[in-house]
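**Q** Assemble the whole structure, with the sequences as input and the hints as a guide.
In terms of full-length UniProt numbering, the sequence shown has 513 at position 513, counting the first letter as 1, and numbering is strictly consecutive.
Be aware that a few hints might be false.
What the hints assert, rightly or not - With a straight-line cut-off of 20 Å between C-alpha atoms, the simulated DMTMM-like cross-links for lysine to aspartate or glutamate are:
| hint | residue 1 | residue 2 |
| --- | --- | --- |
| 1 | K628 | E679 |
| 2 | K208 | D170 |
| 3 | K181 | E267 |
| 4 | K181 | D170 |
| 5 | K628 | E657 |
Claimed, not checked - Beta-carbon label-pair distances, calculated as ranges:
| hint | residue 1 | residue 2 | range |
| --- | --- | --- | --- |
| 6 | G443 | G346 | 20 to 28 Å |
| 7 | P572 | N70 | 53 to 61 Å |
| 8 | L673 | S84 | 40 to 48 Å |
| 9 | V149 | D47 | 47 to 55 Å |
| 10 | P743 | R431 | 30 to 38 Å |
| 11 | I245 | G72 | 50 to 58 Å |
| 12 | R431 | D533 | 24 to 32 Å |
To be clear, the hints were calculated from the coordinates, so they are not data collected in a lab.
We put the beta carbon where it would ideally sit given N, CA and C, even for glycine.
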Amino acid sequence: MNLKTVLILLGLALATIFALVCVLLTRGRTPKTCQHLPPEQEEIEDDQSVVFADLTPEEMSQVVRYLQGNLGVPLADASRAKPSDNCIASVDLQVPSKAEVLRFLDGGGARPAREALAVLYFGKQAEPNITEYVVGPLPTPVYHRDVTVQKYGGKLPYHRRPVTGKEYMDINALIHRELKKAPHFLTACCESDGTNLVSLTTAPRGFKSGDRVTWFVLFHNVVGTGYYLSPVGLEVLVDHGDLDISRWQLRQVFYNGRYFAGIEDLEQEFMYGVLEVVRLKQPQADAVLGSMRPRHPPGPPGPLQFEPQGPRYSVRDNRITFQGWSIAFGMNPNSGPRLFDIRYGGERIIYELSLQEALALYGSNCPGGMSTRYLDGSFGIGRFAAELVQGLDCPYTATYVDRHYLAEADTPKTNQNSLCIFEHDSALPLRRHFSNSQSFYYGGLRKTTLVIRTISTLINYDYIWDFMFHGDGAVEVRVHASGYISTSFLHGRGTDYGNRVGPHTLGTMHLHHMHYKVDLDVDGQQNSLETQDMEYEFVKDPWSAQNTIERPYLRWKRLEKEDEAAFPLNAPLPRYLSFTSPNPNKWGHPRSYRIQVISFAGKHLPTNSSMERSVSWGRYQLAVTRRKEEEPTSTSIYNQNDPWTPTVAFADFINNETITNEDLVAWITVGFLHVPRAEDVPNTVTVGNGVGFFLRPYNYFNEDPSVDSSDSVYFSSEQDARACGANPLACLSSAAACAPHLPPFQFGGLLNL
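**A** Given below as structure tokens:
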């Protein structure tokens, strides 16, 4: 071995030793670039947003105890209550009036009293009714006041109450007792004795005020998969309007295109051999239509989003702050997500942004399908927002928040991890430019967005509700639909109402329409509504007057009255429609926010329909009205079971009042027509099934506020773009060492159902 070889080996040995020492010295240490940094805090008092906070379980329990001890009547637990009992149906936050809240938030006034709104069903009275009480102050209530007449102009009839879980259980028991009267038919049609059949409710329940008569559609039940794709052709009409459940009865039966007076008549025709029966096999779990069980073993994991130095947003109580944004969030158990006091750069832009209702209206040649108009608020959009699956419903490292509610029980319930908050990298520039003329440089900014998400499962459908806050001061509201389609048994001319998606399954056409309330306060409460659109004018060119130019110009208009600001569904909207302030920006234009609707809505119910007024918000893709404390919502949970005499009719809000320099509210309808296809099995996919709207600054600022973002990138031809100091993107290689230690996967959403 010569000297050169020895020196080489010695050098290699020393390099190896040095590398090992470095590894040992740095083992267990977090690189400096990975240390979590506290998010920037906004200049808002920590506890101010609590004025909008949902009730705590302790507050709900206090309200229940107070009502039980101070109403002077016996109260049954709603989970066990008969229609002839008195019970507490729900307890939720009573949101204080806007004037009270703004005096507190902006004027140094007293904090509004914290109160609850309690809904009670009084079935054990001479005149059964629904009564709403405001109870307060919390946490230790000492008073209650009946606000029913004040809110609705009269008493609430008892038949308008939503159907409770206990009522559904009693109806189901009645149906299965009746099915036992047709054992031979059930064996032939469905390989069943009735115990493996499940029923699905429809709504509304009849044809006139006072009716409580509901079609229930029967399906084969297969454990571990959605039964909604396996109708057996049998539907029953149940009259459950009497307060004495022993008097409930089946009014009619439908099977495979024919109507019968009762189950016995169906059995009799079968035994006489005159009934046409479609013989169905009991589906097996491993081959049932619509199974979601994986067909292949897991592959390599997909991309994972994480924050190298921890979340850049902050969540404290019900307040979220993120890069200039500040949002108070909550959840109404009926209508779903609600946001308040939305500020950007310390200025309030939106006082309230809330979901109001979701309508699903079906067509079919079966009675259940053709009569279905679900108003999901009456079922509980917020109540049925269940636990989110980390890594699928939301990013694995998102912040997950519990939501609490009290409905149909005397004790509160908790939907764990049912709302998530995360920063989303859209893999798209928010803005960028590559300059290859005169000077050579690149400048840009990644589009990262704060997302607040919750997902409601309302029987068969899953609605993904997103509220997104962008770096340019824009707010995006979006909803996607997934879950199982609702189906009918295929018979006759069924394909006039949808597509065949299984051997005997018709995917029935339907529309999804959602309604939102947007109380914009653009540079204050005094706003007006202005539109801009384009026209062409034909002019002679001014330099020669020999040629004609088609010159586009802006057509501007200020809308003065509510009737002008009610835009029919599916009619063209002005391309630019803005809430404007009387105050100008630096360039002399009114500070404004533009409303931009993205929707593919179906047709609204004809206005001569007997139930159209109950969903009259759906007449308009956008309606702007003067804000009134007595018009807090566009609908009511009581509209579902009495749409013929609606408790709240949105059409009455529009009465041609002046909307110039007033506190205004935008009411927005978005939606889509869904004609199910084979690819909706097993589930409807979110691709192409998303609608919503934007609220975008329009001359509100003097320039794009994202120029102040610390995420901005700029480098010129005179710089080394590979240098971390010149280009923050060159620093990302070290951030890859900051992959988080993910907590173990947990999910408890299937417990205690």
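**Q** Does the Cβ pair L673, S84 satisfy 40 to 48 Å?
**A** For L673 and S84 the Cβ distance comes to about 42 Å; the hint holds.
**Q** Quick check on a hinted range of 47 to 55 Å for V149 and D47, using CB atoms only.
**A** Given range 47 to 55 Å: violated, Cβ gap about 34 Å.
**Q** Tell me if the straight-line CA distance from K628 to E657 falls inside 20 Å.
**A** At roughly 12 Å apart (the allowed maximum being 20 Å), E657 and K628 satisfy the hint.
**Q** Assuming the hint says 20 to 28 Å, is it satisfied by the Cβ distance from G443 to G346 or not?
**A** 27 Å, holds
**Q** If you draw a straight line from the CA of K628 to the CA of E679, is it 20 Å or shorter?
**A** It is violated: about 45 Å lies between the C-alpha atoms, which goes past 20 Å.
**Q** Are R431 and D533 spaced within 24 to 32 Å by their CB atoms?
**A** 25 Å, holds
**Q** Going straight from one Cα to the other, do K181 and E267 come out at no more than 20 Å?
**A** 7 Å, holds
**Q** How does the Cβ-Cβ distance of P572 and N70 compare with 53 to 61 Å: does it lie in that range?
**A** 55 Å, holds
**Q** Can you confirm whether the C-alpha distance between K181 and D170 stays at or below 20 Å?
**A** It holds: about 18 Å lies between the C-alpha atoms, which stays within 20 Å.
**Q** Tell me if the beta carbons of I245 and G72 are separated by a distance inside 50 to 58 Å.
**A** Taking Cβ atoms as reference, I245 and G72 lie about 26 Å apart, which means the hint is violated.
**Q** Is K208 close enough to D170, meaning Cα to Cα at most 20 Å?
**A** 23 Å, violated
**Q** Quick check: does the Cβ-Cβ distance between P743 and R431 fall within 30 to 38 Å?
**A** 36 Å, holds
Hints 1, 2, 9 and 11, counting from the list given before, are not met by this structure.
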